[in-house]
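J.: The primary structure of each chain is shown beneath.
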Amino acid sequence: MNTYLPNDDLPKHEPLEPGLISGSRLERVLKAGKFAVTAELNPPDSADPDDVYEAARPLGEVADALNATDASGANCHMSSIGICSLLTRAGYGTVYQISCRDRNRIAIQGDVLGAAAMGVRNVLCLTGDGVGAGDQPGAKPVFDFDSLSLLRTIRTMRDDGVFLSGRKIKTPPRLFLGAAENPCIEPHDWRPIRLGKKIDAGADFIQTNYVFDMPVFENFMRRVRDLGFDKRVFILVGVGPLASAKAARWMRSNVPGIHIPDSVIDRMEKAKKPAEEGKRICIELIQQIRGIEGVSGIHVMAYRREHQVSEIVLESGILKGRAVSDKARL
Amino acid sequence: MYRIRLFSVRHARAFEWIYKRVENMMVLMDPVFAKIGYNRVEKPIALLERGVKGLLFDCQMCGQCVLSSTGMSCPMNCPKQLRNGPCGGVRPGGYCEVKPQMKCVWCQAWEGADRMRENTRIHDVLPPVDRRLQGSSSWLRVSREKAAELRESRNAGKTAVAKAFSEARKIEPATAPLVPEPKNAVDREVRKT
Ligand code: SF4
Ligand code: SF4
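Going down the list, the sequences are from chains A and B.
One gets the working numbering by counting positions in the first sequence from 1 and adding 4 to each.
One gets the working numbering by counting positions in the second sequence from 1 and adding 136 to each.
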């Protein structure tokens, strides 16, 4: 049969209730004042959609949205837009990550429209790690945009309905715009101000890199509150279980932008069952983060430890009072 | 040179002052340049600019100078060429993720900005670089932009960028120029010879 019908599974472009920008589940949860949970999905090295669904399953029951990474660490995997398209059709909330490393402004603006048409409602704008960090260090780094000019560009597409070329967009994308932040690395004094810059550029929510160092993070949040930024943006704090002291050390020296204090590594070293200890530390961190004023949720990055995510989130007690089941579904 | 570049950032306040004078002078020169023709002064001034700024800031001649918004630390020396840094990969001690022996250009920028009189210019979001302008004189662009009566630009692309990054347009007009470019400023082939 040669009939090309619109796919009925895809969300339609219907009017939104007032106060909403994208209508995504993540936006609704945050704006309702609930403590949100997002989780990072480990992208498959595969062309089989089942591998995507399988990776999503253990996360979907506790997360409001799943982040599909865009070749993070400059390693090649299935694309973020591909994963988001599949998961959106399957009813999950997704966060489409865009890194500025691999595509120029022409490609990115086109992909933003494509993703929005596929039903993607949340976007995370990232600068991206240098190509040298990944499995193809000979690649040409693009960095046509940086995370801030990217945010501003997508905001312009959404709110003014034009490309950066000035050409009109017939139906502008509806997107909840996110940016990353790395509160625990240098320059500590300027990180809160740069957060403000991201809000000015268009960020509606922030997902931070791993936070293992509570004193440093609390200082950061104090500054953020003094500047009033927590009132203007939703902050989701990055957490994740460590597998072992060795893995933690490896991450610290090989993955850009990860700060793990020695005290945490010591604790891992002394533990009889390191994986259990990693989980414990993660739960304790989540509970402490939950208590900090101005934090709106957590972002769980459990690379190769996806099976622990549900337990961690449920045992931490942050979802108390919220119905748990198929949470990532729209 | 790396050492001179670090020196310039340490003395960002002095350089801010000097730079402002240079800029004002360029703006005052606008009628002269206009008379001789911006097209004809493009090559010699670009050469001069390359020499002076190359020495002091390791200038890469992006054509859209933002030094006064980046603490006199040239962002084009960041391996990712960010215009709004630093990235999330800065190493302990403020060293660069990509080139670990080098101080992060953007950590330097925030420190430099802190020393400057107009220390909040670094808070404004800068637009992406217009790659066509690589190699052309930013001084002349600033002079044209600041001096010229800002006619509504006919070029939709330019207007959209200027509108999307309106704060940057105000403080660093060369980053989102509206005035029509003279041929020698946009034709890279001509500039090379
Ligand atoms: S910002 Fe551009 S013009 Fe200014 S010093 Fe750097 S490369 Fe040169
Ligand atoms: S560490 Fe600094 S200089 Fe290096 S890529 Fe990141 S922002 Fe640029």
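Treat the hints as calculated values from the structure; they're not laboratory data.
C-beta atoms are modelled at their ideal positions from N, C-alpha and C, and glycine is treated no differently.
It is possible that part of the hints are untrue.
[As the list claims (entries may be wrong)] Capping the alpha-carbon separation at 30 Å, the derived lysine-lysine pairs in DSSO-like fashion look like this:
1) K172(A) x K299(B)
2) K201(A) x K156(B)
3) K282(B) x K172(A)
4) K35(A) x K299(B)
5) K38(A) x K250(A)
6) K201(A) x K299(B)
[As the list claims (entries may be wrong)] A partial selection of chain B residues facing chain A, derived with a Cβ cut-off under 8 Å:
7) A150
8) G271
9) P318
10) V322
[Unchecked claim] According to the in silico footprint, chain A covers these stretches of chain B (three or more CB under 8 Å from chain A):
11) 158-170
12) 272-282
13) 298-304
J.: Is K201(A) within 30 Å of K156(B), Cα to Cα?
T.: holds, 25 Å
J.: Tell me if the interface restraint on G271(B) is satisfied: Cβ within less than 8 Å of some Cβ in chain A.
T.: Since the shortest Cβ distance to chain A is 18 Å, the answer is violated.
J.: Let's test the interface hint: is any C-beta of chain A closer than 8 Å to that of A150(B)?
T.: violated, 22 Å
J.: Closer than 8 Å between Cβ atoms is the bar; does V322(B) clear it against chain A? Give me holds or violated.
T.: Nearest chain A Cβ about 16 Å off; hint violated.
J.: Taking a Cβ-to-Cβ distance below 8 Å as contact, does the stretch 158-170 of chain B have at least three residues touching chain A?
T.: Per the Cβ count (0), the hint is violated.
J.: Mind checking the alpha carbons of K38(A) and K250(A) for me, to see if they're no more than 30 Å apart?
T.: Distance ~36 Å between K38(A) and K250(A) Cα, so the pair is violated.
J.: Are three or more residues of the stretch 298-304 of chain B within 8 Å, CB to CB, of chain A?
T.: Per the Cβ count (4), the hint holds.
J.: Holds or violated: are the alpha carbons of K172(A) and K299(B) at most 30 Å from each other?
T.: holds, 14 Å
J.: Given P318(B) as an interface hint, is the shortest Cβ-Cβ distance to chain A below 8 Å?
T.: Given a least distance of 22 Å, the restraint on P318(B) is violated.
J.: Checking one constraint from the list: CA of K201(A) to CA of K299(B), max 30 Å. Satisfied?
T.: holds, 17 Å
J.: Is the Cα-Cα distance between K282(B) and K172(A) 30 Å or less?
T.: holds, 29 Å
J.: Would you check chain A against the stretch 272-282 of chain B, counting CB to CB pairs closer than 8 Å, and say if three or more residues qualify?
T.: violated (count 0)
Checked against the numbered hints listed earlier, the structure breaks hints 5, 7, 8, 9, 10, 11 and 12; every other hint is satisfied.
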